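Visitor: The lines below spell out each chain.
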Amino acid sequence: MKLVMAIIKPFKLDDVREALTSLGVAGMTVSEVKGFGRQKGQTEIYRGAEYSTNMVPKIKLEVVCDDGLAPRVVESIQQAANSGAIGDGKIFVLDVGQAVRIRTGETGETAL
Amino acid sequence: MTMTRKLCGVAGAIVAALAVAGPALAADMIKAPDAAAMATMVNKGDTTWMLTSSLLVLMMSVPGLALFYGGLVRSKNMLSVLMQVFMIVCVTGLLWCCWGYSIAFTSGGDNHFFGGLSKAFLMGVDGTTLAATFSNNVYLPELCFVVFQMTFAMITPALIVGAFAERIKFSSLIVFVVLWSLIVYYPIAHMVWYWAGPDFLPDAPTDYGMMWGWGALDFAGGTVVHINAGIAGLVGCLMIGKRIGFPKEPMPPHSLTMTMIGASLLWVGWFGFNAGSNLEANGVTAVAFMNTMVATCAAAVSWALVEQFHHGKASMLGAASGAVAGLVAITPASGFAAPMTSIVLGFVVSPLCYLFVTKVKSAFGYDDSLDVFGVHCIGGITGALGTAIVAAPSLGGQGYFDYTVFPAAFHPEAYDIVAQLITQAKAVLVTLVWSGVGSAVLFFIIDKTMGLRPSADEELQGLDLSSHGERAYNS
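Residue numbers (my numbering), protein chains in the order written: chain A, 1 to 112; chain B, 1 to 475.
Okay, chain B solo, but in the shape it has when bound (with noise of 0.2 Å):
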């Protein structure tokens, strides 16, 4: 997304221009300009186009990802997903406005963890207040951003929910995302995107989130929505247990309908996600935009191929579930890969989501229900790697611009595979430590005081009549 180190492709085509024009062209650029100026920066299409993709990105959500895991469930549990999804996407939404925004995207001055509370409640921020994106002196409306952001922090804890599905009581479940927004989505956010933005960076050199520092590469979320909710979900189904009856007793999905609505819907919805994660509409957009199409369709056929192989029928489920690994892959790495690079990602993504939801999860045994971990954490941490070699401009890829200076410069000789590999590792290690122990902390807490389960008796009967007075089918 948003605050990597990237620049933008015809607006860093134009400033590389006037840089090898001469000094004193790219000195007649405005820095640092006055409110008044930085008016006249606010482009319309920019605008539009951010606000359709804050759209694409709720409705990923609801009713996307809602449907998407509904449609897995038990018919008995299928209004808990979508009331956990939906009343997830409401709580997180205000709580970006009260804190969430101020805490991932304000400067935490010396501390590269988590920003301030100077924009607690948005405070000071109207109509008239600018965000930085990926261009000098290219700004967008803050609110606009801001919106845009709050999209992203409602759809990661509402990820989560499908590893212990049809077992969780739902007040607690509403109690832990607030916690866990608050000590871990805030924080990894800011680390990855947190930054003063290209033109202030240069006179603010240390201005940035840890991750962001380091260099790491993400550019619509692979290690702060994927990798992040992947490991949440997995040390939930392990610290809830496993559903009665699993893994003896069959539990179909109840309607791969519903599925294959929910995986088209957060198809669509994801080109918000990964080319609006761009922050303007340009070229850089336009190759977020085909990169996120051509590595769903590359890695939905992967694994179909490998089921056909595997089980002799491709199945509606394992296209699916491969869209999804595919899109979670190409996130990270959306912005800086090529088109045919992404295919590749998307054809090797499938495969090792498919090991870890068949192979892996029974062998340790483990209810990751819906698959969470094995898709969105093993999608995520593919994804986050790959982008480090698909990046690389000798492969065709978009490599990173240099924020320290006005106006940016790019230097596609200066790329390291191996040493950008190595950074982003450590980018998922982090986001795995942080969030694995941030979770077991939360849901040890929550689980000693309010409980996490229903009884069994209601988890029996189903979430839905149990938690919510009502069933999903009166026929």
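Next comes chain A alone, as it looks inside the complex (with noise of 0.2 Å):
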């Protein structure tokens, strides 16, 4: 199994979720979160006082599928999350050990 997560723009996130669940995913988690990467920061003006903000709002998504489905997984999100412009975000897949569905106890890929 896999776990992939991506870092996206947040307007992204239908988009992605959309072409995700037409492939057969079942579930994801979503994160609203903060971070930097290349992409600049905004400056804010507060009666003269500017400030610098480096960090930017992304979303961060989290999807566990069996290692078959996870190379679509990762090429649906590059092209559903792309908008060609720096921010667009990143995309890590991780192995992931073992997965519990907890109401029935059921493990491994069937408790996706």
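Since the hints were derived computationally from the structure, they do not count as laboratory data. Computed from a prediction, not measured in an experiment: that's the story for all the values here. Just to be clear, a hint being listed does not mean it is correct.
[Claimed, not checked] Just some of the chain A residues that point at chain B, by a computed CB distance under 7 Å:
{"id": "1", "residue": "48"}
{"id": "2", "residue": "51"}
{"id": "3", "residue": "92"}
[Claimed, not checked] Anything over 10 Å on all C-beta distances counts as not near chain B; from chain A, calculated:
{"id": "4", "residue": "2"}
{"id": "5", "residue": "14"}
{"id": "6", "residue": "30"}
{"id": "7", "residue": "31"}
{"id": "8", "residue": "37"}
{"id": "9", "residue": "45"}
{"id": "10", "residue": "72"}
{"id": "11", "residue": "75"}
{"id": "12", "residue": "79"}
Beta carbons are placed, not taken as given, at the ideal position from N, Cα and C, and that holds for glycine.
Using the hints, put the two standalone chains together into the complex.
Guide: Written out as structure tokens, the structure reads:
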């Protein structure tokens, strides 16, 4: 099993979710996060006092899927979240040791 | 406000017409009538308007000013600002009944700096006593005047807290407000607004406060409220010192939505402040109302334009700041100017205030956190000096009446802009010095006895938790 973790632009979330559900992905976890990469922050000015914020709001998306589906998940996220501008985000793929469905106690890929 | 040399439109015109018609008719007017005759001179329309105005001015403080300031601080200090404004309103309301009204609005005899204690604890003031307006033989119920003036004594010290927001000890602030009202606000209100009234001044020609006697024009409180609070704020932020982390750490406003709501409530409430300061509901009230409306529009547009040219972006905070600057500037001029000259005043004030809040503050490095000095003092000075120009009858202004004769006389040709400008400048200087020195002495004494600042840990934690034991937002 793989954990696909993607940091994307907030307004791309709907496109990514649609792309992944059409692949048969059964669930995902989404968090609102802040961070920085190559994209520069914005400058805010309040009555002449300038503050440059270097943390940019992003969405972090986590999907666990079986090994066979992982490359297509990565590809769909990459295409759906792409706006062509700096700040589109990153995708990370990690190995997952175990998964358990809490209600039934099922383990492994059947728990996904 | 209140005790300026302004007679009122309609009644003034009638008085003037009677005077022209013949001395016999004028002599028929009741002069210094007994209480029974006075009771018929109290107008229900005036009374209604003045009680409504009192409500509007209260709304300026709570919630208007509290939200305007509250939105500008960080969320950990939101409740401390709301609480400071709320408590100042309550405490100064009590003080006004105890001795404030008496010191501000009773005769000081030969002393033109402050009044006596004859009406302390509202002695002798009840539902049958009357207060003068700006028209001969027109009166208000005295309690109506007391409560209207009370709302001014409430908002003025509340304005000061913005200068040292996020770093003041609550108990010390309240002690400061009690003492500041006593040695600064009441005397200045007396000097600018106290006079014997249009019916009684001719017989007691020196029964007035010092600056009123000079002929200083302050319709609704440019000197008494805004310059007074603005300079006290500057002295306060200098003596209390900067916030920890200023100016390196970002301290952005936590909710400009609240600030916009607060600024809008201030704008609406300000009609009670300015138009109410005519003390009657008549043509001059409408003039003050209109002037207040358009000067504010002009100043908000002006601030937005300055930002657009300077940064390429007009901000909501800028528009709100401009609106408040315009309201401040038109305050002393509201009943004296004409609508089109009010617009000019509004356009002029915003760039001046903008210069102070963006350039002068950073050049000198003082932490006037919410720009009480930059907006209220600078805007107030602009308005006080501008009043000399816009009040000129030759520019469509209302001029002023000569109350040393009965009935009051109007000599528009006698208005001298330069002489008036000098008088206005003198009044501004006296207010700056009196309030600046008085505030410095009080801050010094309180700092040495109670301490002005919370500990560094308490300040870093935020005053909401450390001073009041609660949080503005629990989610």
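Visitor: Are any of the numbered hints broken by this structure? If so, which, sorted upward?
Guide: 3 and 9
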